[in-house]
Amino acid sequence: MIWQRNSLLSIEDLSSEEIIFLLKKAKSIKEQKEKSGQVLPSLKGKRIINLFMEPSTRTRVAFEIAAKSLGADIISITGEASSLTKGETLKDTAMNVQALGADAIVIRHSSPGSPLFLSRLVDVPIINAGDGAHEHPSQALLDIYTLQEKLGDLRDKKITILGDILFSRVARSNLWGLLKLGAEVTLAGPSTLVPREFEELGARVTHDPNSALEGADAVMLLRIQHERQQASHFPSLAEYANVFGLDSVALARMKKNAIILHPGPLNRGVEIESEIADSHRAVILQQVANGIAVRMAILHSCIIRQEGDPS
Amino acid sequence: MIWQRNSLLSIEDLSSEEIIFLLKKAKSIKEQKEKSGQVLPSLKGKRIINLFMEPSTRTRVAFEIAAKSLGADIISITGEASSLTKGETLKDTAMNVQALGADAIVIRHSSPGSPLFLSRLVDVPIINAGDGAHEHPSQALLDIYTLQEKLGDLRDKKITILGDILFSRVARSNLWGLLKLGAEVTLAGPSTLVPREFEELGARVTHDPNSALEGADAVMLLRIQHERQQASHFPSLAEYANVFGLDSVALARMKKNAIILHPGPLNRGVEIESEIADSHRAVILQQVANGIAVRMAILHSCIIRQEGDPS
Amino acid sequence: MIWQRNSLLSIEDLSSEEIIFLLKKAKSIKEQKEKSGQVLPSLKGKRIINLFMEPSTRTRVAFEIAAKSLGADIISITGEASSLTKGETLKDTAMNVQALGADAIVIRHSSPGSPLFLSRLVDVPIINAGDGAHEHPSQALLDIYTLQEKLGDLRDKKITILGDILFSRVARSNLWGLLKLGAEVTLAGPSTLVPREFEELGARVTHDPNSALEGADAVMLLRIQHERQQASHFPSLAEYANVFGLDSVALARMKKNAIILHPGPLNRGVEIESEIADSHRAVILQQVANGIAVRMAILHSCIIRQEGDPS
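Residue numbers (this note's numbering), protein chains in the order written: chain L, 4 to 314; chain C, 4 to 314; chain G, 4 to 314.
If you're looking for bench data, these hints aren't it; they were derived computationally from the structure.
It cannot be assumed that every hint is accurate.
A pair counts as met if it fits within one copy or between any two copies, since identical chains are not told apart.
Calculated cross-link-like contacts (lysine-lysine; reagent style DSSO-like; alpha-carbon spacing at most 27 Å) [stated by the list, open to error]:
| hint | residue 1 | residue 2 |
| --- | --- | --- |
| 1 | Lys36 | Lys161 |
| 2 | Lys36 | Lys47 |
| 3 | Lys153 | Lys33 |
| 4 | Lys71 | Lys47 |
| 5 | Lys71 | Lys33 |
| 6 | Lys38 | Lys183 |
| 7 | Lys153 | Lys94 |
| 8 | Lys30 | Lys153 |
| 9 | Lys160 | Lys71 |
Note that the structure is predicted; figures quoted are calculated from it, not measured.
Can you make the complete structure from the sequences, with help from the hints?
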């Protein structure tokens, strides 16, 4: 396969071949790093702008490290959209960033679809680092990378995504990616946060905590994000923890070697019992580490492009 | 000519030879970049501190890119003056930055004259990146660079600066620079924002929107900056747009190939009609791109100095 | 001596041999820099994370410069602890930073003991850049470095630390370090800020401004830090300045060539008369400059380790 996109806007867009391409490339980068301590500075001389118009530390820093690990120069522009643009349109902001000589723009924005919108207006690659409740493709790719690393081929594997599905761009991107790779995806959580409509996309939907994890190969816990909820969708954090928090009883319903993912930051005692989060079943820190290789693969693919399948 | 200044404090200070020196140097840097993709890392091992005691993103990032493009290391220190200094005098802050090993300090400060003040107290080059309503020399140089690129020799060219002249350091720096290069400068806008006193400096002053653009080779629009105005100087943004906003009727008064500049961020529908901002007459993004080469020329000249005319 | 620690948590922990090791290493770095303009990029390929969970500019920037001067890559993560962690535990934050591939974490945190706590949970070196009112080891090392540079061997030298001892991590770290190197330390200031309990650690305590400086070789002034005081511990800044501010009368009580240190930022007219701060007796800017070499020595020692005494 030849990678031909110059932007990464969503997982929904990608073919399964494209997803596999990025995952293989991330794997080869990770192996190269482990073997020789360094990877080739293949983006040396390239300038990447991190345009974070919604507060974020983790994703921003991970992209910074990924860019620098490839020898690129990266400058982060952060702040609320209003203070960054001072009344300027988003298009004008992006055109300005392009005029500064950017070879790629990594953008986080509260408005769903803004990366797509920009990709039609500017020539430089646009990497979506999270657009409202729409998608967060680099997060899904690192999640899927970690799942593959632990479970092998994801075809027919049972993956449960548990929590605040309604407001989660992480859930949306993972749902698209996992279905494309042939996994069976269950979306679970309180009925206020897990609408039946997701069944139309091919997922199983359940509001029953008992059946949610039955026989699952992996569970992806989502952070309860107060900041994205307009109103309270469950009585209290304690009640959520009591019904949907991952404890040893819930864990026992899953397959014997089932693994646990979480995009962080972790609310111990809410989404997950603290002891389980520290057990070898949780692969949360491997996700973080894999996120660097995955983002290196994304940046390299979109900026360089003229390459065949690295396998 | 030999460049002998180690600081760039204002355009008023500079001789026309010095302005031409910087513009030529920027041109040679831009051509080198276009030819070979890179420029020589002639500031490698140099450490530049961006001391931004007034909020700014654009100018700060442009200096960061300029410094890195020359191989220098640049660290930005940003924040309100009060939180950065914690009661310390500005002199002490600058002395501390010098003691950290800075080879140059790029400073933005709300207080007019602060870069000059500092240049008398510390040994390292001081680059004025905007001091209150006084001057913004790097902006004027990139504006003039862009004017020259499009119009050729500026002698006797008719340049109109339109908008909030009274509070604009961009207008002041451009006025000095354009007059020194022999252009005919008209300052235009509401009488509350364009005082007659500017005539004494050699500009034509008009409050008549019709005559402002008559036969002009270029118009430099200024952003209506609410934050610098102590009181409202015109009834409303809509009324400003109606009287002074650049629309196709106003454009038709200018010369046939007249160009439009704007320092950004652009308020579409206020200073300029949106369609005109997107037309080939507007060179707003070229200004942004030229700003990198111009700032590279400034940093290199002030830090290295021992060089003859690059022409 | 072989340096064997991978973290620098406090001065109290260190043996006098370890303190001397770091000071000698800083000296050799400073000399190398002065001789050849550069030092070897011995941390090239290393990634350092500056985790500043309490506002700071000076110490953060000094560590950034120190890291870059050794060729390391450093990324600063700054903000209030609450916004950085979003409910995550400090341990989880550190584990995440480690998973990002950090080779060392420089941490500032409002909670005393947090660097020690972290050093027991993560494998990467932890450098304490200030933990509440507990310790600020890199500041003490640069103070002691500067004292040695000016006074030679500190054995039996009379050093007075004057000001807000109670809330000062700088005072605590210096007290430990100076005593270990054989100096005679006097802690002085208002009785509300200089508790008698410090006598048990081996210091002389006085609340008498006249006796505080009598025959001293050096005085280390502390900044009056309103932000760390829960209540007012003296009537007014003017009264503090009047009684404890360093003026020419107070200076005359010290030895003939006694020197004056201050960690900055300086409140001129409060802790010190402005003229004295500008005199050759004050070594405040040398402290800042020495802070780079000292922090280079700290980072290099903790990250590399397998080295003998550089002397």
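Evaluation of the provided hints:
In this assembly of identical chains, Lys36 and Lys161 lie within 27 Å of each other by CA distance neither inside one copy nor across copies; the values are 31 Å within and 53 Å between. In this homomeric assembly, Lys36 and Lys47 come within 27 Å of each other (Cα to Cα) both inside a single copy, at 17 Å, and across copies, at 15 Å. Taking the closest pair of Cα atoms, Lys153 and Lys33 come within 27 Å of each other only inside a single copy of the chain (15 Å); across copies the shortest separation is 49 Å, beyond that limit. Proximity of Lys71 to Lys47 under the C-alpha cut-off of 27 Å is found in both arrangements, the shortest distances being 9 Å within a copy and 13 Å between copies.
With identical chains, the CA atoms of Lys71 and Lys33 are at most 27 Å apart both within one copy (15 Å) and between copies (25 Å). Taking the closest pair of Cα atoms, Lys38 and Lys183 never come within 27 Å of each other, the shortest separation being 31 Å inside a single copy and 45 Å across copies. Only between protomers do Lys153 and Lys94 lie at most 27 Å apart by alpha-carbon distance; the minimum there is 25 Å, versus 41 Å within a single protomer. In the homo-oligomer, the alpha carbons of Lys30 and Lys153 lie at most 27 Å apart inside one protomer (13 Å), although the nearest pairing across protomers, at 50 Å, exceeds that limit.
Proximity of Lys160 and Lys71 under a CA criterion of 27 Å is satisfied in neither setting, with 35 Å inside one chain copy and 46 Å between copies.
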